[in-house]
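Dock chain B against chain A, hints included.
Number of protein chains: 2
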Amino acid sequence: MTMWPMLLDMSRDECKRILRRLELEAYSSLVSALRAQGELSKEKRKLLQDLASTLNISMERHRAEVRRAVNDEKLATIAEHIAGPNTSTDWAIEGRRLIPLMPRLVPQTAFTALANNVANIAAAENAKLPPPVNTVKKNSKFAVHIHFLLTIHGIEEC
Amino acid sequence: MTMWPMLLDMSRDECKRILRRLELEAYSSLVSALRAQGELSKEKRKLLQDLASTLNISMERHRAEVRRAVNDEKLATIAEHIAGPNTSTDWAIEGRRLIPLMPRLVPQTAFTALANNVANIAAAENAKLPPPVNTVKKNSKFAVHIHFLLTIHGIEEC
Numbered sequence: 001m002t003m004w005p006m007l008l009d010m011s012r013d014e015c016k017r018i019l020r021r022l023e024l025e026a027y028s029s030l031v032s033a034l035r036a037q038g039e040l041s042k043e044k045r046k047l048l049q050d051l052a053s054t055l056n057i058s059m060e061r062h063r064a065e066v067r068r069a070v071n072d073e074k075l076a077t078i079a080e081h082i083a084g085p086n087t088s089t090d091w092a093i094e095g096r097r098l099i100p101l102m103p104r105l106v107p108q109t110a111f112t113a114l115a116n117n118v119a120n121i122a123a124a125e126n127a128k129l130p131p132p133v134n135t136v137k138k139n140s141k142f143a144v145h146i147h148f149l150l151t152i153h154g155i156e157e158c
Numbered sequence: 001m002t003m004w005p006m007l008l009d010m011s012r013d014e015c016k017r018i019l020r021r022l023e024l025e026a027y028s029s030l031v032s033a034l035r036a037q038g039e040l041s042k043e044k045r046k047l048l049q050d051l052a053s054t055l056n057i058s059m060e061r062h063r064a065e066v067r068r069a070v071n072d073e074k075l076a077t078i079a080e081h082i083a084g085p086n087t088s089t090d091w092a093i094e095g096r097r098l099i100p101l102m103p104r105l106v107p108q109t110a111f112t113a114l115a116n117n118v119a120n121i122a123a124a125e126n127a128k129l130p131p132p133v134n135t136v137k138k139n140s141k142f143a144v145h146i147h148f149l150l151t152i153h154g155i156e157e158c
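Line order of the protein sequences matches chains A and B. In terms of the UniProt record's numbering, the first sequence opens at residue 1 and continues consecutively. In terms of the UniProt record's numbering, the second sequence opens at residue 1 and continues consecutively.
Chain A extracted, bound-state conformation:
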């Protein structure tokens, strides 16, 4: 006698929805992992094609996932450290749209004048600051010194 039901209490509709989510997430995480490994080789493209047909991924969605991955700074950083520079070219080509996006006009609302004003003030303030490439890195000597000073004065870093 089975004491417990072997299956969960889910309707067919729920199951279909969850399966679709699993398929989409699996494809997405695979594209991320392959992008982080470096260049898009022929074998990887073949692998993605096989997988796309098994997981019912359309060409359009495949391209969208590739665009997401190729524009991801974290994945680009990993690829640069692991496989060297300039690994994104083939990925960028793979993800290219067949029909480019239509340019959209900036919407005009009652707050546009105020928003423009604030944006200009913020941009003027930002222009006085050094660009992020010239600021401290988290593992630099300077950062270590700051951390030491904060620690001996009992100040918590944010």
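Careful, some of the hints might be misleading.
Identical copies look the same in the list; a pair holds intra-copy or inter-copy alike.
[Stated by the list, open to error] Only pairs whose alpha carbons sit at most 25 Å apart, straight line, appear in this in silico PhoX-like list of lysine-lysine:
| # | residue 1 | residue 2 |
| --- | --- | --- |
| 1 | K74 | K44 |
| 2 | K16 | K74 |
| 3 | K74 | K137 |
| 4 | K141 | K44 |
| 5 | K44 | K128 |
| 6 | K42 | K16 |
| 7 | K74 | K141 |
| 8 | K141 | K16 |
| 9 | K16 | K44 |
| 10 | K74 | K128 |
| 11 | K137 | K16 |
The hints are simulated quantities; they were obtained by calculation from the structure and are not laboratory data. Remember, predicted model here, so these are calculated numbers, not experimental data.
Relative to chain A, chain B alone:
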């Protein structure tokens, strides 16, 4: 002039760790999605093999992921609803351990007598209740009636 750094401030070591995590997660979610689709076909096994070599997944880890998926009630429920009954046989064979786990003795501690006592009392109480297979399902007529009664009396369901 680039205003922003194009790459994130991560060390090579961090990158290697994140890449490994991405590879493992991608393989894991793919095994889940394929298991939820139903039986393990020849094509799916081939696909998993190709992917395992690309993502540096060992045979042992592949088997462990398959065992995780085949013992997952949610994935089993989805497979049953989508592809029909008895889809787990080939998956179970694929995930089988080459060397069975050693049986482990139940540890004896100062609390063993007390724990056994409580377990026996709880089991006796549970034996008086109907088994879960015979209890109400969330979409059954009975459940809808209960929900209606609770609603008209302004009682919140937990």
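Here is how each hint holds up against the structure:
1. K74 with K44: Result: close within a single copy only, 20 Å intra versus 31 Å inter.
2. K16 with K74: For K16 and K74, the Cα distance is within 25 Å only across copies (12 Å; inside one copy 32 Å).
3. K74 with K137: Classified as within: same-chain Cα gap 16 Å, cross-chain 45 Å, threshold 25 Å.
4. K141 with K44: neither (40 Å within a copy, 51 Å between copies)
5. K44 with K128: For K44 and K128, the Cα distance exceeds 25 Å both inside one copy (46 Å) and across copies (58 Å).
6. K42 with K16: between (33 Å within a copy, 23 Å between copies)
7. K74 with K141: within (24 Å within a copy, 51 Å between copies)
8. K141 with K16: between (54 Å within a copy, 23 Å between copies)
9. K16 with K44: between (28 Å within a copy, 20 Å between copies)
10. K74 with K128: neither (28 Å within a copy, 56 Å between copies)
11. K137 with K16: between (47 Å within a copy, 19 Å between copies)
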